[in-house]
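*Asks:* Residue-level listing of the chains:
2 protein chains.
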Amino acid sequence: MRETLTKNLLLAQSGGPTAVINSSVCGIVDEAVRQPRIDGIYGAVNGILGVLHEDLVDLRHEEPATLQSLRRTPSAALGSCRHKLREDDYSRLLEVFKAHAIRFFLYAGGNDSMDTAHRVAQLAEEKKYAVQVIGIPKTVDNDLMVTDHCPGYGSVSRFNAIAARDSGLDTEAIYTSDTVKIFETMGRDTGWITASTALGKDDPDSAPHLIYLPERPFIPERFLKDVKSVYDRLGRVVICVCEGLKDERGEFLRASSKHIDIDKFRHPQLGGVGDYLVGLISENLKIKARCDKPGTIQRVSMTCASEVDLEEAYSVGQNALSKAIDGENDRMVTLVRKRNDPYECETGLVELDKVALKSKRVPDAFINKECNFVNDGFLEYAKPLIGEPLPHYVHLRKKRLEKLLPGYG
Amino acid sequence: MRETLTKNLLLAQSGGPTAVINSSVCGIVDEAVRQPRIDGIYGAVNGILGVLHEDLVDLRHEEPATLQSLRRTPSAALGSCRHKLREDDYSRLLEVFKAHAIRFFLYAGGNDSMDTAHRVAQLAEEKKYAVQVIGIPKTVDNDLMVTDHCPGYGSVSRFNAIAARDSGLDTEAIYTSDTVKIFETMGRDTGWITASTALGKDDPDSAPHLIYLPERPFIPERFLKDVKSVYDRLGRVVICVCEGLKDERGEFLRASSKHIDIDKFRHPQLGGVGDYLVGLISENLKIKARCDKPGTIQRVSMTCASEVDLEEAYSVGQNALSKAIDGENDRMVTLVRKRNDPYECETGLVELDKVALKSKRVPDAFINKECNFVNDGFLEYAKPLIGEPLPHYVHLRKKRLEKLLPGYG
Chain A
1 MRETLTKNLL
11 LAQSGGPTAV
21 INSSVCGIVD
31 EAVRQPRIDG
41 IYGAVNGILG
51 VLHEDLVDLR
61 HEEPATLQSL
71 RRTPSAALGS
81 CRHKLREDDY
91 SRLLEVFKAH
101 AIRFFLYAGG
111 NDSMDTAHRV
121 AQLAEEKKYA
131 VQVIGIPKTV
141 DNDLMVTDHC
151 PGYGSVSRFN
161 AIAARDSGLD
171 TEAIYTSDTV
181 KIFETMGRDT
191 GWITASTALG
201 KDDPDSAPHL
211 IYLPERPFIP
221 ERFLKDVKSV
231 YDRLGRVVIC
241 VCEGLKDERG
251 EFLRASSKHI
261 DIDKFRHPQL
271 GGVGDYLVGL
281 ISENLKIKAR
291 CDKPGTIQRV
301 SMTCASEVDL
311 EEAYSVGQNA
321 LSKAIDGEND
331 RMVTLVRKRN
341 DPYECETGLV
351 ELDKVALKSK
361 RVPDAFINKE
371 CNFVNDGFLE
381 YAKPLIGEPL
391 PHYVHLRKKR
401 LEKLLPGYG
Chain B
1001 MRETLTKNLL
1011 LAQSGGPTAV
1021 INSSVCGIVD
1031 EAVRQPRIDG
1041 IYGAVNGILG
1051 VLHEDLVDLR
1061 HEEPATLQSL
1071 RRTPSAALGS
1081 CRHKLREDDY
1091 SRLLEVFKAH
1101 AIRFFLYAGG
1111 NDSMDTAHRV
1121 AQLAEEKKYA
1131 VQVIGIPKTV
1141 DNDLMVTDHC
1151 PGYGSVSRFN
1161 AIAARDSGLD
1171 TEAIYTSDTV
1181 KIFETMGRDT
1191 GWITASTALG
1201 KDDPDSAPHL
1211 IYLPERPFIP
1221 ERFLKDVKSV
1231 YDRLGRVVIC
1241 VCEGLKDERG
1251 EFLRASSKHI
1261 DIDKFRHPQL
1271 GGVGDYLVGL
1281 ISENLKIKAR
1291 CDKPGTIQRV
1301 SMTCASEVDL
1311 EEAYSVGQNA
1321 LSKAIDGEND
1331 RMVTLVRKRN
1341 DPYECETGLV
1351 ELDKVALKSK
1361 RVPDAFINKE
1371 CNFVNDGFLE
1381 YAKPLIGEPL
1391 PHYVHLRKKR
1401 LEKLLPGYG
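Going line by line, the protein sequences match chains A and B.
Residue 290 in my numbering is what sits at position 290 of the first sequence, and the numbering runs on without skipping anything.
With the second sequence counted from 1, adding 1000 to any position gets you my numbering.
Hints are computed from structural coordinates only; laboratory data are not their basis.
Errors might be hidden in some of the hints.
As the list claims (entries may be wrong) - Examples of chain A residues toward chain B, derived with CB under 7 Å:
{"#": "1", "residue": "PRO17"}
{"#": "2", "residue": "LEU169"}
{"#": "3", "residue": "ASP292"}
{"#": "4", "residue": "TYR393"}
Quick caveat, the model's predicted, so the values are computed rather than measured.
Glycine included, each C-beta is placed from N, C-alpha and C at the ideal position.
Next up, chain A with everything else stripped away, as it sits in the complex:
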């Protein structure tokens, strides 16, 4: 019997952009156009807000070349949002689905978005509205449960591995100036992103020398001891820290400040953890320190995107669509690592409620016992995700000439 019911697909992007989330969109659309069972291919503008506001676009109207170029365009081409849904929003979502005959809903995002997708799926079932809801993992934070890793993470890791190494070369070059460098990465609650800076270390003495993750409370005394110890040995220190570091009371580290009322336009401003640590070091160790804080560019840098990550992002998008067509519902696509060397990864499926609102922290086994670096286990885990080896840099042998004069000064 021939199906006559119109079946439209709606996809949406959520949360913080990444270098590869558009690659997932490309994967979805490439697969959707091959599916005779799909009529309209729609995108929501600015994520779930676009669904609520019925702000939808027809992706069949885009040039095929544009859609292909999405694979190399960072950020979220359809727009994203951070929007906390109210209880009555869910029924609105369903109304929009019904009005536009949405029978497949694909939602790319993190653990909040997976909760949204799960609740939509539940409500649809309760209301007997047939829709296949599939989540697509997307977060530089890499904190989703069950999946081996998250698309977006490999690229932010590659950026940070390269940037921390560059920052280290810079620090190494200038003698007696800026000898302590704080490199502040994203990652509010978990240290996955910060840990990735270790992938840039290509020599026991090279950067980064110390890494602090939010999985461990920050203890100033211990930190200062660590810094001094590296400084005494090498004369320089590169310290990679997570923006979400907290002290033993569970409070974020911040450069404290108070209003100095110079004029009406000078106002108090709280600096981040990097500024706090610069102050801590200069006041206690009397060493000049400086902070590099690439901020949002780390998550959308196409120049440093990982080829593995781009490919996997495409594949989870493609896979989400085919699973929806196969009748799967209330599931998220996962990445399942089959082997490490050579690296091989497949896609899998997990119930949305197993990932919704949950967060995966960097496991104890990946953190050294001094709480100031990662273990080899982490490096084995993360290395395949950043793709090609980092560009090769050289160091001079520096064969010294014999000194012929009395010492200087």
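Since chain A is already given, all that's left is putting chain B on it; use the hints.
*Replies:* For chain B alone, coordinates are given in the frame of chain A:
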């Protein structure tokens, strides 16, 4: 008559590292090994400090492959320094030259280093010691006089053009979150680096929207008006600012702070201009703002290095050596632009005292009359320096579906 006198070459790198200063070293050494009149090819470790301390290395002992790979290794392979010379240091430099038969001294650096080179050349002449001293322009700040531009600038510009564009895409994607982005670049006294972010603007509405250079005093009221105007039109603003912005009194803008004595490890910390502006905007316009501050990675990023810059850095190194061999002295190699489209550039020479201690600011003709962006003249000047066009990104056409429901909320 055959010359029997040993003639050694000494080269040194000075000041902040760049992505391409090692390319200059490669150019020097490649040329030096072809010159039968040069015996030893020496490098000073950590710039002029290495000369003072007689800490010299023999570059003929390096593997040829290592020397070639320097072209793609950022930062300063020989080490650099920031060291203010005392009066009696100059005679020490000359002693070291004599002891090691240094007859050619090549010094890569900025306007301070050109002063050092000039004074060494003067003293050598006064003391009748024959040495050819040639300066090699090197500074991401692009503030050397006479030369059209400085090696290092094209690459830092490419980094910032890409990063500001990425930062803009990121800001554009997330609706109702971090809608104002401050992008803080290097450039203590001049706005060349900050101006280069304009090269990333590929659409009238795309980032950057506002650019503030230290060539103009920062006026908070005008700034807030500018920001509000863009925000009201687009709902987002990306503002590129120089770390060296000053107010009308000539004082650096800083996030003011006072000691809050929570515990002995919480100390006052002055934030930079980015933090100050985040505070200014949030307090006065009640809009959420965020700061990206790539810091030192902008000057040593090989991933974003400009091919034109790498090539020119090599060529000024090579040229400095051949000019020294030709008997030139007390000169700096310059870059002389012959035409813009297609871009063509040659090397020239200038007396060191014409560049020593002087600084070239962004000219008035390159800054718009509102003091919040650059003019097309700047774009024409800077575009050839960043090399290949920036990676191509696409925007979706976003053909809207007809709305079928009453409005939301």
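*Asks:* Could you tell me which of the numbered hints above are not met by this structure, giving the numbers in increasing order?
*Replies:* The structure conflicts with no hint, since it agrees with every one listed earlier.
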